[in-house]
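Peer 1: Here's the letter readout for the chains.
Protein chains: 2
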Amino acid sequence: MTSTSIKTVGVIGTGVIGASWTALFLAKGLRVIVTDPAPGAESKLHEYLKKNYLAIPNKIATPENYLQNLTFVEDIDPYLGELDLIQEVSKMASQEGVKKVLTTFQNGPERLDFKRRLFAHLDANTPEHVLIASSSSGLPSSELREKPISDIDWASFQPTALNTLSGDSSHPKTGDENVTAACEFYRSLGKDPVIVKKETAGFIANRLQAAVCAEAYSLISRGIVSAEDLGKGVLSAKLAQFDSNFMVLDKTMTSGLGLRWAFSGPIMTNLLGGGGDFGHFMDHLGPALKSWLDDMNQHQFNMDSTTEKENLKEKVNQLVSHVDIEKTEKNRDTFLTGLISVRSEI
Amino acid sequence: MTSTSIKTVGVIGTGVIGASWTALFLAKGLRVIVTDPAPGAESKLHEYLKKNYLAIPNKIATPENYLQNLTFVEDIDPYLGELDLIQEVSKMASQEGVKKVLTTFQNGPERLDFKRRLFAHLDANTPEHVLIASSSSGLPSSELREKPISDIDWASFQPTALNTLSGDSSHPKTGDENVTAACEFYRSLGKDPVIVKKETAGFIANRLQAAVCAEAYSLISRGIVSAEDLGKGVLSAKLAQFDSNFMVLDKTMTSGLGLRWAFSGPIMTNLLGGGGDFGHFMDHLGPALKSWLDDMNQHQFNMDSTTEKENLKEKVNQLVSHVDIEKTEKNRDTFLTGLISVRSEI
Numbered sequence: 092m093t094s095t096s097i098k099t100v101g102v103i104g105t106g107v108i109g110a111s112w113t114a115l116f117l118a119k120g121l122r123v124i125v126t127d128p129a130p131g132a133e134s135k136l137h138e139y140l141k142k143n144y145l146a147i148p149n150k151i152a153t154p155e156n157y158l159q160n161l162t163f164v165e166d167i168d169p170y171l172g173e174l175d176l177i178q179e180v181s182k183m184a185s186q187e188g189v190k191k192v193l194t195t196f197q198n199g200p201e202r203l204d205f206k207r208r209l210f211a212h213l214d215a216n217t218p219e220h221v222l223i224a225s226s227s228s229g230l231p232s233s234e235l236r237e238k239p240i241s242d243i244d245w246a247s248f249q250p251t252a253l254n255t256l257s258g259d260s261s262h263p264k265t266g267d268e269n270v271t272a273a274c275e276f277y278r279s280l281g282k283d284p285v286i287v288k289k290e291t292a293g294f295i296a297n298r299l300q301a302a303v304c305a306e307a308y309s310l311i312s313r314g315i316v317s318a319e320d321l322g323k324g325v326l327s328a329k330l331a332q333f334d335s336n337f338m339v340l341d342k343t344m345t346s347g348l349g350l351r352w353a354f355s356g357p358i359m360t361n362l363l364g365g366g367g368d369f370g371h372f373m374d375h376l377g378p379a380l381k382s383w384l385d386d387m388n389q390h391q392f393n394m395d396s397t398t399e400k401e402n403l404k405e406k407v408n409q410l411v412s413h414v415d416i417e418k419t420e421k422n423r424d425t426f427l428t429g430l431i432s433v434r435s436e437i
Numbered sequence: 092m093t094s095t096s097i098k099t100v101g102v103i104g105t106g107v108i109g110a111s112w113t114a115l116f117l118a119k120g121l122r123v124i125v126t127d128p129a130p131g132a133e134s135k136l137h138e139y140l141k142k143n144y145l146a147i148p149n150k151i152a153t154p155e156n157y158l159q160n161l162t163f164v165e166d167i168d169p170y171l172g173e174l175d176l177i178q179e180v181s182k183m184a185s186q187e188g189v190k191k192v193l194t195t196f197q198n199g200p201e202r203l204d205f206k207r208r209l210f211a212h213l214d215a216n217t218p219e220h221v222l223i224a225s226s227s228s229g230l231p232s233s234e235l236r237e238k239p240i241s242d243i244d245w246a247s248f249q250p251t252a253l254n255t256l257s258g259d260s261s262h263p264k265t266g267d268e269n270v271t272a273a274c275e276f277y278r279s280l281g282k283d284p285v286i287v288k289k290e291t292a293g294f295i296a297n298r299l300q301a302a303v304c305a306e307a308y309s310l311i312s313r314g315i316v317s318a319e320d321l322g323k324g325v326l327s328a329k330l331a332q333f334d335s336n337f338m339v340l341d342k343t344m345t346s347g348l349g350l351r352w353a354f355s356g357p358i359m360t361n362l363l364g365g366g367g368d369f370g371h372f373m374d375h376l377g378p379a380l381k382s383w384l385d386d387m388n389q390h391q392f393n394m395d396s397t398t399e400k401e402n403l404k405e406k407v408n409q410l411v412s413h414v415d416i417e418k419t420e421k422n423r424d425t426f427l428t429g430l431i432s433v434r435s436e437i
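Top to bottom, those sequences are chains A and B.
One rule links them: number in my numbering = place in the first sequence (from 1) + 91.
One rule links them: number in my numbering = place in the second sequence (from 1) + 91.
Calculated from the structure, these hints are not laboratory results.
Treat the hints loosely; a few may be bogus.
What the hints assert, rightly or not - Subject to a maximum C-alpha distance of 27 Å in a straight line, what follows is the list of computed DSSO-like cross-link-like pairs (lysine-lysine):
#1 400(B) x 381(A)
#2 404(A) x 381(B)
#3 288(A) x 400(B)
#4 288(B) x 381(A)
#5 381(A) x 406(B)
#6 400(A) x 421(B)
#7 288(B) x 288(A)
#8 119(A) x 404(A)
#9 119(A) x 150(A)
#10 381(A) x 381(B)
#11 98(B) x 142(B)
#12 381(A) x 289(B)
#13 119(A) x 142(A)
What the hints assert, rightly or not - Covered stretches of chain B, going by a simulated chain A footprint (3 or more residues, C-beta under 8 Å):
#14 283–292
#15 306–315
#16 374–386
Remember, predicted model here, so these are calculated numbers, not experimental data.
Glycine included, every Cβ here is placed at the ideal spot set by N, Cα and C.
Given these sequences and hints, build the entire structure.
Peer 2: Encoded structure:
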């Protein structure tokens, strides 16, 4: 199966991630059969699709056939034979919605258990050539299925329609030809798939992100970063709205590390820092790096401590109380569209 | 002292960081007195300045007075009375160069020891109102000076002329008025200063970066990421040159996390992930985050192990052997200029 043979996609779950996958599939001219048993899911999805059409880069579909190719169904079972690929996003949907995807699973309160039963059902009722892709933030697929044939886990990033990275992770039993076919498919949608060689909790991106979050929580909890800001600096008024006065830690990322990481990853950044020689970098800056890591290990944020977590929540909530989430999301989409365009020009 | 009163800046050390500070100061119309005893430092600096003029955003100086305002001196001591601010960058310069900044320190082979003696000398010979700023990647300034009056540590990021973030860290004994004056000055140059409330090894940005590097080293060492890539995806040919086929781990950053972090830092990203509620995010995704962090702690890259480090160097060197560093740096500058422009528009 090649990417070009994938014409009809099934989407199970239309939470934020599922809806943005649906928007992307439709914008690329695919036929999409969608299900989500959550109350009001269909109208919410339509609202999302209309709002986000313009933000999708390199669209193929016109505004008209963008929506015409969508079929929302109450039960996807009768359609399983028509699909070329299933994008399972139920973990990302609300728990209430997930529980009702298939009536047989209405009594499944635990997500992993629910997912296992959902995949067993899909395995039993889907032709063997159909690629089954699961959006997960870090669950290795061998925990979901005993005998996988063609499933691949993808850690999606928001907004799915904009970010270049589709996701990662391959089940050890997933055939290479299926990985290749899935990569070709996602690449044809403008995604940039990353393959994980060995199953790893959190795959790659979420582990890197977790590392940053853990240290950020520690720095905020320990009072290392200031809550106050001394001005808007070079930020535009709109950007300053959510970046000044309460997000000093975040500014370290948005005005520094993030800008650089949007161009060069950690290894290339090390390489540039070492004048083109990674060994030189390690010999030269390794000892400093080690001393910071030792200090960080000594001051790890304790994810087991309810007190630490509640204190952190209180601190953060005070800082972010005035954030306009909808406006921020809109600004993010504008920014990412511009950024991806800059990237594609160099 | 306000930022507008800073007209003449001294730069000690003209390695990569010192040279880019010099370029920025000159481009902003300041008079700059520079010293670096390394052989060929003056001609190398001139070469750097000419090459990088165009890449500096929002220049005030014309190409002519950009270079006219520069004075390269063998010994900066006679000029200390004329300076409004000293940008000390000797740690970033080559060790050989550092040792010879002041003849009295020629026998100082240890950087920390050298820095201490340099600052003691500057303290003794500089008028009290002069701000002394030290570029350091993570040395708390109380380790450098016993009685600081007006010094601030700044962790610079490459390229200094482009990145919005100047740096961070304040000495606990540094007066608030000096911190404010320094922030105003750097902000007037287009930087976005971050204040560290309590001295911390590695400040903020380098700790976040270290967290990512440590996990990246672990993932590469453990063979989790694939060395091969399946194609160039959406990357342009130029970008693919250093991004495909050998930098799968880096792609996770440049095609995903980095793009997002260029817009929203870790806390805002959590907030968006929690639908505007950090507490919801923590309750909802905290357990998954914890499970990944536990797994990461179990598989930490051992910075003490020579074997692990040598194996990593070998793996990375194989991957990056064909990288054209000069071209990559040029692409980075083009990309960051465009990115900062997109940022300022939203």
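Peer 1: If a hint holds in the structure, say so; if it does not, say that too.
Peer 2: Quick rundown of the hints versus the structure:
{"no.": "1", "hint": "400(B) x 381(A)", "in the structure": "holds (12 Å)"}
{"no.": "2", "hint": "404(A) x 381(B)", "in the structure": "holds (16 Å)"}
{"no.": "3", "hint": "288(A) x 400(B)", "in the structure": "holds (21 Å)"}
{"no.": "4", "hint": "288(B) x 381(A)", "in the structure": "holds (23 Å)"}
{"no.": "5", "hint": "381(A) x 406(B)", "in the structure": "holds (20 Å)"}
{"no.": "6", "hint": "400(A) x 421(B)", "in the structure": "violated (44 Å)"}
{"no.": "7", "hint": "288(B) x 288(A)", "in the structure": "violated (42 Å)"}
{"no.": "8", "hint": "119(A) x 404(A)", "in the structure": "violated (40 Å)"}
{"no.": "9", "hint": "119(A) x 150(A)", "in the structure": "holds (6 Å)"}
{"no.": "10", "hint": "381(A) x 381(B)", "in the structure": "holds (23 Å)"}
{"no.": "11", "hint": "98(B) x 142(B)", "in the structure": "holds (24 Å)"}
{"no.": "12", "hint": "381(A) x 289(B)", "in the structure": "holds (20 Å)"}
{"no.": "13", "hint": "119(A) x 142(A)", "in the structure": "holds (16 Å)"}
{"no.": "14", "hint": "283–292", "in the structure": "holds (count 9)"}
{"no.": "15", "hint": "306–315", "in the structure": "holds (count 7)"}
{"no.": "16", "hint": "374–386", "in the structure": "holds (count 9)"}
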